[in-house]
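*Asks:* Put together the whole structure using the sequences plus the hints.
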Amino acid sequence: MTNDANLISPCGLYCAECRFYKNKCLGCGYVKGKPFWGDCHFYSCVREKGVEHCGLCSEFPCAYYLSTYDPSEGRWRVFYRAGQLVYRKKIGTKALLEEKAKGENPDLKFQEK
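Those letters in the sequence shown? Residues 0 to 112, per numbering that gives the first Met the number 0, in order.
It should be emphasised that the hints constitute simulated quantities derived from the structure, not laboratory data.
All residues carry an ideal CB built from backbone N, CA and C; glycine is no exception.
A few of these clues could be false.
[What the hints assert, rightly or not] The list that follows gives simulated cross-link-like pairs (lysine to aspartate or glutamate, DMTMM-like), each with its CA atoms no further than 25 angstroms apart:
id, residue 1, residue 2
1, Lys-23, Asp-38
2, Lys-48, Glu-72
3, Lys-89, Glu-58
[Said to hold, decoys possible] Ranges between beta-carbon positions, derived for each pair:
id, residue 1, residue 2, range
4, Tyr-79, Leu-55, 11 to 21 angstroms
5, Ala-4, Lys-48, 29 to 39 angstroms
6, Gly-102, Tyr-63, 28 to 38 angstroms
7, Glu-103, Trp-75, 20 to 30 angstroms
8, Tyr-79, Trp-36, 30 to 40 angstroms
9, Ser-43, Phe-19, 14 to 24 angstroms
10, Phe-19, Pro-70, 12 to 22 angstroms
11, Gly-102, Arg-18, 15 to 25 angstroms
12, Lys-101, Tyr-63, 24 to 34 angstroms
13, Gly-37, Glu-103, 26 to 36 angstroms
14, Ser-66, Lys-101, 26 to 36 angstroms
15, Ala-62, Ala-100, 25 to 35 angstroms
16, Asn-5, Lys-88, 14 to 24 angstroms
*Replies:* So this is what it looks like as structure tokens:
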């Protein structure tokens with residue numbers, strides 16, 4: 000694990016544990032809202048609103064945020080991401096990254112089906 004702030008997404012994912020990290024994507028901060036699958040709404044939205052991540056937005060969780068899930072899996076991932084953002088807001092990005100680097104806050108494994 001790393002404590003690189005470019006590897007923590009505005010939507011609540013930790014890029015270093017994403018199944019696409021290094022294979023198809025270098026991490027949210029490095030691709031500047033342009034991952035392999037297209038433009039990231041979350042990245043552009045937080046930039047427009049001047050906040051670091053969705054959890055700091057006064058509209059969080061907005062309808063768009065809650066709608067971003069794979070219907071075949073249900074909403075568990077969006078709720079997990081939202082929880083990570085609430086926690087990140089409470090302790091700060093630096094502290095969250097330090098926990099991740101130490102393995103104290105394991106992320107969900109986003110594995111291919």
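*Asks:* A separate judgement is required for each hint: does it hold in the structure or not?
*Replies:* Tested hints:
1. Lys-23 with Asp-38: Since the Cα atoms of Lys-23 and Asp-38 sit roughly 14 angstroms apart, the hinted pair holds (cutoff 25 angstroms).
2. Lys-48 with Glu-72: Violated. Lys-48 to Glu-72 sits at ~30 angstroms, over the 25 angstroms cutoff.
3. Lys-89 with Glu-58: Between Lys-89 and Glu-58 the Cα gap is close to 17 angstroms, so the pair holds against 25 angstroms.
4. Tyr-79 with Leu-55: 11 to 21 angstroms: Taking Cβ atoms as reference, Tyr-79 and Leu-55 lie about 18 angstroms apart, which means the hint holds.
5. Ala-4 with Lys-48: 29 to 39 angstroms: About 18 angstroms separates the Cβ atoms of Ala-4 and Lys-48, which means 29 to 39 angstroms is violated.
6. Gly-102 with Tyr-63: 28 to 38 angstroms: Roughly 32 angstroms apart at Cβ, these two residues keep to the hinted range, so it holds.
7. Glu-103 with Trp-75: 20 to 30 angstroms: At roughly 22 angstroms between Cβ atoms, Trp-75 and Glu-103 fall inside 20 to 30 angstroms, so the hint holds.
8. Tyr-79 with Trp-36: 30 to 40 angstroms: 20 angstroms, violated
9. Ser-43 with Phe-19: 14 to 24 angstroms: This hint holds: roughly 19 angstroms between Cβ atoms.
10. Phe-19 with Pro-70: 12 to 22 angstroms: 20 angstroms, holds
11. Gly-102 with Arg-18: 15 to 25 angstroms: 19 angstroms, holds
12. Lys-101 with Tyr-63: 24 to 34 angstroms: Because 33 angstroms falls inside the window, the suggested range holds.
13. Gly-37 with Glu-103: 26 to 36 angstroms: Since the Cβ atoms of Gly-37 and Glu-103 sit about 33 angstroms apart, the hinted range of 26 to 36 angstroms holds.
14. Ser-66 with Lys-101: 26 to 36 angstroms: Given a distance of about 33 angstroms, which is inside 26 to 36 angstroms, the answer is holds.
15. Ala-62 with Ala-100: 25 to 35 angstroms: 34 angstroms, holds
16. Asn-5 with Lys-88: 14 to 24 angstroms: This hint holds: roughly 19 angstroms between Cβ atoms.
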